[in-house]
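Participant: Residue strings, one per chain:
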Amino acid sequence: MRGLLAVILLLGCIGPAASAEVIVHLSDSAGHAVHDAIVTLTPDAGSAADAATAPRAPATHVIDQRNEAFVPYVQLLRPGDRVVFRNSDNTRHHVYSFAAIKTFEFVLRPGESSPELRMDAAGIAAVGCNIHDHMITYLFVTAAPATAMSDEGGHVALGQLAPGRYTVHVWHPQLHPGHPEPTRQIDIAGGSDTVHLAFTLSLMPDPRMSMDREHLDY
Amino acid sequence: MRTMGFRLRLALFFVATLVVVQLLTAALVYAVTRRALVAEGERQLTANAQAFVAQMDDISARVAGNVEVLSLDYALRSAIAERDRGTVLSVLRNHGRRVGASRMLLVGLDGTVEADTGSTVPTRARFPFPDLIDSAYDRRTAAVVAMDGKASWMVVVPIYAPQPVGLVVVNVPLDDALLTHMQQLSALPRDIELAAQAPSGSWHAVARGDRRSGLVEGATAGHRGLPWKPLLTEVDGKEYMVLAQRLKQPKQGDRVVAILGYSLDAALSPFRSVAIAWGALLGLGLCVGLLGAWLTARSVSRPIESLAATVRRIAAGDYRAAPELQRHDEIGQLASAFGTMTEAVRQRESRIRHQAMHDSVTDLPNRMAAEAVIDQALAAGESAGGALLMIGLTRAPEIVKTMGHALCDRLMRDSSERIRRIAGDSYLARTSDTQFTLWLASADRPAALAAAVRILDVLNEPYQETDLSIDRLPAVGIAMASSGEVPASSLLRHAEVAQFAASGSASALSFYDSATDPHRPERLSLMGDLREALDCNALSLHYQPKQDLASGRIDGAEALLRWQHPRRGWVSPETFIGMAEDTGNIQRVTRWVMASALAQARRWLEQGLPLRIAVNLSARDLEDTALPEHIGRLLAIHQVPSGQLTVEVTERAVIGEPDTALRTLRRLAGQGIGIAIDDFGVGQSTFAYLRHLPVNELKIDQMFVKHLATDANDQIIVRSIVELSHRLGYRVTAEGVEDQAAQDCLRSIGCDHAQGFFVARPMPADALTAFVAGHAAGLPIGSPS
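Read top to bottom, the protein sequences are chains A and B. Be aware that the first sequence starts at 1, since it is given in our numbering, and climbs by one per residue. Be aware that the second sequence starts at 1001, since it is given in our numbering, and climbs by one per residue.
It is possible that some hints are incorrect.
What the hints assert, rightly or not - Below 20 Å or equal to it, Euclidean Cα-Cα: the simulated DMTMM-like pairs (lysine to aspartate or glutamate) are:
no.: 1; chain 1: A; residue 1: K102; chain 2: B; residue 2: D1513
no.: 2; chain 1: A; residue 1: K102; chain 2: A; residue 2: D64
no.: 3; chain 1: A; residue 1: K102; chain 2: B; residue 2: D1084
It is worth saying that the hints were derived from the structure and are not from the lab.
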């Protein structure tokens, strides 16, 4: 219940010397791989790695609504990226967000799509459906260059890293609210370092799984 | 203290048994009921504790459900998400009323209180139960918390918009009202209280049900731990079973438990009416039992008391039949047994009485009965006198010895039947083994004689049996009764005396004559007087002189005993000597006589009178083997030469006990004492016999001397005796010399001594002294010598 239970630092020497890499392995307390987690490496201030990354063109992400579920569950965005909600169900969806970075709501008829929403501020917006309580998706907006989402195997690989000291943040929608996010500082010494990190996350149940939160216990 | 009667004891025993049994039953029932109730109480308490927890869960689910519904409210979500505190507060209040919460809080994800309906000022304080917040995301979270002496039910529900944005905390006060409400809505027990632990460790009630029984104080009194298992204790003076039940609680805050109680008193109350009814029944049963016991006891003891009275009556000799008891139970049997026994006792007693009063052989009344009947007849004075016939069969003892008792019994029976034929209705009794007694009331002498003769006639016919004929030799003594003079016993004795007399006589018939009765009762008193007289020297000796016929001198004297009785006057020696012989007193008398005579002889010797003293010895004296020594001692004491003493014995005495008497006589003779045979001539002694005796002297009986002067035969006899005696070396003394002629005749015959009135009458010793002196002086001169 206290969140991060263990951090296992794996040190290895894999790959070319010029490109350091951090590979993060994520699992829950039951040992299952954790996907849909966002891992962010932030170079510490004054670090050599604290270099501005090259800007890239904004992208438009479509959040589909199929079978009364948002797809994907977590969408990583860069500030300035756009997002569109598409209703692929044959029911209405009332998409809303009270997030600080973006507040919106639309009622989408079947087959309808929302207008593009431009996400300028970094942060997390939880988006739900007021009609279907179990529907939820997260828009993770970050400017940090070394950010990636874990795959089905629970792995996150972040490469092209300059040597220096970094802070590793892990975020997952089912982390316990009110608890501090799992964080770890690592040092990348050489350009060809491959740093393996393992996080065991304490996760709450997937809210999407419960069809009716009102009768959770029944 | 008076002993309890049988009736009372029986009744008390019944009642006591009833009471004891009832009380034991009551105690048993109470114990069993109580144990059952305690077990039931334990079961109920455990079940109730679980039910209470379940109900709390129920309430929390309901409250949580309500809050969850609330949390899905879009407006609330937006208000919370947008941190619109005013809206949030109003929504919380609104919903708080719906779920019955006294206070609702909005707690942020970081655990700070963002809104609180209980306080208008935003505090941003930390929510005091963080573990409730933590678990709220995972599961429904509700707990009892206690703060500041109050308990409340706290339900924590996270708010999703759509991700968690905060938590609503619902605070439902757990107060008396809620507890009462819960009790009313459910089957919860009436006795339930919540207790919180103060920081000091003591427990105090924070909420009580409607009973307000003080369970908390009762259960935790005496610094016991909390009763996690059912515990029997006392609450407010009533018996309770108490059980503490843990409640869901956060880590922080005071500890709170529910304490459930099960009142044994209340549980027993349904039994109270049963107990009252039972008590009434017991009382009624007691009364009925007492009454019944009393009646039963009375029906038992009444007849027993009556039987006891009857038995006392029987003991007193009243054999009247006991009152009949118409019962067939044990007492009836007892009464009937008593009746039988009484009859048996009565018959036995009458038989014993009959045996006591009757002779078993002849079935005639016995002597006692006869005495009683005759006494009665005499006392009643029915007749002036009467005759008592004593019929003795003198041969009876002999018949028994030779023929045996059986035959004698048959003979007596036959005799009684024969007498009965003569006697008719007169009273006939068998007064001894050999004697019958016939009482002829108002019979006079001739009638009695006639009856006696007839009886003798019938009894003289021999008793006949096969080859046997026995003579009975009856004798009849008749005593005439003059009315009221003598008792029957005396009359019987008289008749018996007469019968003894008759059995020796030829006619076998004799009337009682008191003058000749040797067995008069005064004899016995006379003997007593005689002993007294011996002791008091009331006897005296007279001396009859003996004259030497040849010289005419008085040279001896016979000592003769004289008794002047203080009341009777002069008592004849014949009377009391015979009695003394019969009663064994003669030896004392003889010794007294001997001592007195020798003392006198001594005095005469001193006076120059060497008189030869003769003392009579009885036949009994001769049996006294110590007599010769005694006489020897007396002679020595009085310094009298033994030749001065002569003892006189009768022929009969010598003949009766020849051996002992002879020995005694020989020893006396050996001592030099003269032996004289008294009353010679009337007995059966012969000279041939006398030759064996150490005899010195014969005294011719006065029968031959009295008429000596005139009777030629007597002269011949006396002459022969004297001559023969002289030839045999005996001196001869003639007794009963009463005249000159006899004296002359005796002198002429050659008799040695004369004794009799003509010589001198017996006289006191002093008179004799004078007489001897005078006689010596006045000796007829020239009297033949």
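Participant: Looking back at the hints listed earlier, which ones does the structure fail to meet?
Facilitator: Hint check: 1 fails alone, others pass.
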